[in-house]
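A.B. asks: Sequence:
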Amino acid sequence: MSSKPEKITPRSEDYPQWYQDVIREADLAEPAKVVKGCMVIKPYGFAIWEKIQRTLDSRFKDTGHQNAYFPLLVPQSFITKEAEHVEGFAPELAVVTHAGGEELEEPYVVRPTSETIIGHFFGKWISSYRDLPMLINQWANVMRWELRTRMFLRTTEFLWQEGHTAHANHDEAKEEVRRMLDVYADFAQGTMGMPVIRGTKTETERFAGAVDTLCIEAMMQDGKALQAGTSHDLGQNFGKAFDVKFQSESGELEYVWQTSWGVSTRLVGGLIMTHSDDDGLVLPPALAPIHAVIIPIYRNDEQKAAVMDAANALRKELGAIDIAPQGVRYRDFLEVQIDDRDMRPGAKFYHWERRGVPMRIELGPKDLEKGQVCIKMRTGGTGKKEFLDRDAFVAGIKARLDAYQDELLAAAKARMAERTVTLDTWDEFVKTFEGDDSVFAWCHWDGTTQTEAAIKAETKVTIRCIPLPGEGPDAEPGTCIKTGKPSAQRVLMAKAY
RNA sequence: CGGGGCGUAGCGCAGCCUGGUAGCGCGUUCGGUUCGGGACCGAAAGGUCGGAGGUUCAAAUCCUCUCGCCCCGACCA
1 MSSKPEKITP
11 RSEDYPQWYQ
21 DVIREADLAE
31 PAKVVKGCMV
41 IKPYGFAIWE
51 KIQRTLDSRF
61 KDTGHQNAYF
71 PLLVPQSFIT
81 KEAEHVEGFA
91 PELAVVTHAG
101 GEELEEPYVV
111 RPTSETIIGH
121 FFGKWISSYR
131 DLPMLINQWA
141 NVMRWELRTR
151 MFLRTTEFLW
161 QEGHTAHANH
171 DEAKEEVRRM
181 LDVYADFAQG
191 TMGMPVIRGT
201 KTETERFAGA
211 VDTLCIEAMM
221 QDGKALQAGT
231 SHDLGQNFGK
241 AFDVKFQSES
251 GELEYVWQTS
261 WGVSTRLVGG
271 LIMTHSDDDG
281 LVLPPALAPI
291 HAVIIPIYRN
301 DEQKAAVMDA
311 ANALRKELGA
321 IDIAPQGVRY
331 RDFLEVQIDD
341 RDMRPGAKFY
351 HWERRGVPMR
361 IELGPKDLEK
371 GQVCIKMRTG
381 GTGKKEFLDR
391 DAFVAGIKAR
401 LDAYQDELLA
411 AAKARMAERT
421 VTLDTWDEFV
431 KTFEGDDSVF
441 AWCHWDGTTQ
451 TEAAIKAETK
461 VTIRCIPLPG
471 EGPDAEPGTC
481 IKTGKPSAQR
491 VLMAKAY
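Mapping of the first sequence onto this note's numbering: position 405 corresponds to residue 405, and the numbering continues sequentially without gaps.
What the hints contain is simulated information worked out from the structure, not anything from laboratory work. Some hints here could point you the wrong way.
[Unchecked claim] So the derived label-pair ranges between C-beta atoms look like this:
id, residue 1, residue 2, range
1, Phe387, Glu172, 54 to 60 angstroms
2, Ser58, Glu92, 30 to 36 angstroms
3, Trp139, Glu418, 34 to 40 angstroms
Glycine is no exception: its CB is placed at the ideal position from the N, C-alpha and C atoms.
Given these sequences and hints, build the entire structure.
C.D. replies: Right, here's the structure in full:
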């Protein structure tokens, strides 16, 4: 490599520092500083979020949901209507007490989530079974006063999407909860290249006010788990709290069955910690704002003119290629940029590598002469430059990017498999989780909150989820790793972000 | 909120102990030579030393308070 001082701390040296270095060097975001716990998402980072939004939004539309928008401020009394919901969110609420120069009669809370205010409006909108199901999604910002923040993973204000639906019966609501979880899982793996495990949260980790919370859990490179998305079965809890009733086909008045589900800008943090390396950000093509950068190589003005002509022609040709995944309702063109800054080519290589651009195209006099391009992928493969016939390269670029996307997922899966273990004794368990890092451990658990709390207190390890069928080891009875009491199946245990 | 660390030029830091007109590296701007893995020469711009108060003839430096960031813990998408 180079003799220059490293700008990115190696992962082996200090993982959290590495994470921050990658974000800074890729120019994704920076701490706001002037606003506690908040971050500024910079254009390149926001472009990734926009890609996430577009892909997910398309899937939400495909599953019948419509976007809407509800107020940022929620009357404080709304929050207190659902007992568990208040209890869960009270500590992290920001409250507006003054406006227009006067103290408000009733304070507003800045939404930490919108179940309550949406519940209120569902109550007004729903009166008959004909109004159901009500399938709403909102793209919004929310605020939770967190004690400790990390960029993208946990900030006081964050961006997300929250789906809110109301159904005529519990089965339909449960189906919805599972359907959207599967959308998340499919998106995480297919688009982000981030393998996940689908499961059910324990009572401790369940959403405040839900009867059941499903989740997808991803593994970061240090083996820690990241809750990447949740889908809640709210039962009739909010229906009762906000008096959301409908007249059924048989004419009876019943409370609706609701669901809610969300993913946030945390996904960007997960994306970073899934693929990136000591050289900086690594992005899957499906979410990369820029797919390829052309670096022109020349020694004099004459060469420069010729190379720039060729570069512009190549860019135009590549930019017409639609790389949207199959089945989506939008088009997504290959984004290719030419870096014509007055810098040494080597400096440009490092610049774009830190930003995770999947492919670099070098174009110089020799390439024009031979009708070829010199390309190098950001990671994987042989790691070497490849010289390809220009037209064949253009024809094959989509397949090449698809292959790169698959490689990233495969590498992430391999890492996850490497760090996934099955443990049966408490001694092993303690030893496994001794250090700072973590693994995914499949262990038996007696199903009690007490045992869960004891395990956490002693080892910082939490039950990430009870796997859905097929997501973990086949269910077979055993004995709890901590207490030795009977257990029906293994659950996923890990330290978490 | 508890424990620890840190706030000095865009970034990374020195200076602080032992008060005396603010420095280094990288980056930036301009000019030139360069250009297939982080170029070089020359010139220049850029800081109310996180903020407030105090001690002092004099404060980046000493004292008090405060705000923010990072790490560790408790809470969480």
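A.B. asks: Next, verify each hint and record whether it holds.
C.D. replies: Here is what the structure says about each hint:
The given range of 54 to 60 angstroms is respected by Phe387 and Glu172, whose C-beta atoms sit roughly 57 angstroms from each other. For Ser58 paired with Glu92, a C-beta distance near 32 angstroms keeps the hint of 30 to 36 angstroms intact. At roughly 36 angstroms, the beta-carbon separation of Trp139 and Glu418 lies within the given 34 to 40 angstroms, and the hint holds.
Checked against the numbered hints given earlier, this structure breaks none of them.
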